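Peer 1: Go ahead and model the full structure; you've got the sequences and the hints to work with.
Residue numbers (the numbering used here), protein chains in the order written: chain P, -19 to 94; chain F, 35 to 147.
Do not rely on the hints blindly, as some may be mistaken.
Derived lysine-lysine pairs resembling PhoX-like cross-links, with alpha carbons at most 20 Å apart [claimed, not checked]:
(1) Lys37/P with Lys58/P
(2) Lys37/F with Lys102/F
(3) Lys37/F with Lys37/P
(4) Lys139/F with Lys22/P
(5) Lys22/P with Lys37/P
(6) Lys22/P with Lys37/F
(7) Lys139/F with Lys75/F
(8) Lys75/F with Lys22/P
(9) Lys102/F with Lys90/F
Here chain P is said to cover these stretches of chain F; the calculated rule only asks that three of the stretch's residues, wherever they fall, bring their Cβ under 8 Å from a Cβ of chain P [as the list claims (entries may be wrong)]:
(10) 65 to 77
(11) 138 to 146
No wet-lab data here; the hints were simulated from the structure. Note that this is a predicted model, so its numbers are computed, not measured. Glycine included, C-beta positions come from ideal geometry on N, C-alpha and C.
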Amino acid sequence: EPEVTQTPSHQVTQMGQEVILRCVPISNHLYFYWYRQILGQKVEFLVSFYNNEISEKSEIFDDQFSVERPDGSNFTLKIRSTKLEDSAMYFCASSIGPYTDTQYFGPGTRLTVL
Amino acid sequence: ELKVEQNPLFLSMQEGKNYTIYCNYSTTSDRLYWYRQDPGKSLESLFVLLSNGAVKQEGRLMASLDTKARLSTLHITAAVHDLSATYFCAVEGDGGGADGLTFGKGTHLIIQP
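Peer 2: Pasting the structure below:
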């Protein structure tokens, strides 16, 4: 069964460093998303992406964040200058279409900022 | 601001019992999703409810949606230990485009033998 994959599974970085989290969505899906979950808290929407541009973003997704689909398979989330409060599990998700289609989540990347 | 509230947030129950998790939301959206999350794992889609009165069942779990009351329920019948997990409901925004999901805080469910 097709699934969303994410790398790395765990990333440790120093405050102020740049990190890139990678995702490979399900191949026939057209909509891509990033969410984060701070330990013990709820899942929070960051950004959605369609047709090579951001479709929607939340207040969390400030200028420190960017997304890119550099090729036909990868979908990346970049954090330019990490802060301690960026420590969280980051989930990538994809769906065939918006609205009525299930968003399928990847296994997540645990980001630890020291 | 779209709000999604679940209750209870924590539930400990015995195998064989029935219980219901409630999800209230503040938007007029008629699309609601239920996910399951095991500790340290990702989110697994359980149900997608797309219209008022929608009811879906899978095994011991049944979800329903009342868009007029802005309420969804997840009912557990004759609970078994394997259903222990955190259950999230989520609602899609109504701003158009590929709207992200707004999640509730989750219901941490422990089913004891």
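Peer 1: Take the hints in turn and mark each one as holding or not.
Peer 2: Checked hints:
1. Lys37/P with Lys58/P: holds, 14 Å
2. Lys37/F with Lys102/F: Status holds; Cα separation ~16 Å.
3. Lys37/F with Lys37/P: The given pair, whose Cα atoms are some 17 Å apart, holds under the 20 Å limit.
4. Lys139/F with Lys22/P: holds, 5 Å
5. Lys22/P with Lys37/P: Between Lys22/P and Lys37/P the Cα gap is close to 17 Å, so the pair holds against 20 Å.
6. Lys22/P with Lys37/F: Holds: Lys22/P and Lys37/F sit about 12 Å apart, inside 20 Å.
7. Lys139/F with Lys75/F: holds, 16 Å
8. Lys75/F with Lys22/P: Cα-Cα ~14 Å, so holds.
9. Lys102/F with Lys90/F: holds, 18 Å
10. 65 to 77: Coverage by chain P holds here, the residue count being 6 at a Cβ distance below 8 Å.
11. 138 to 146: With 3 residues in contact (Cβ-Cβ under 8 Å with chain P), the coverage given for the segment 138 to 146 of chain F holds.
Hint check: no violations occur; every hint is consistent with the structure.
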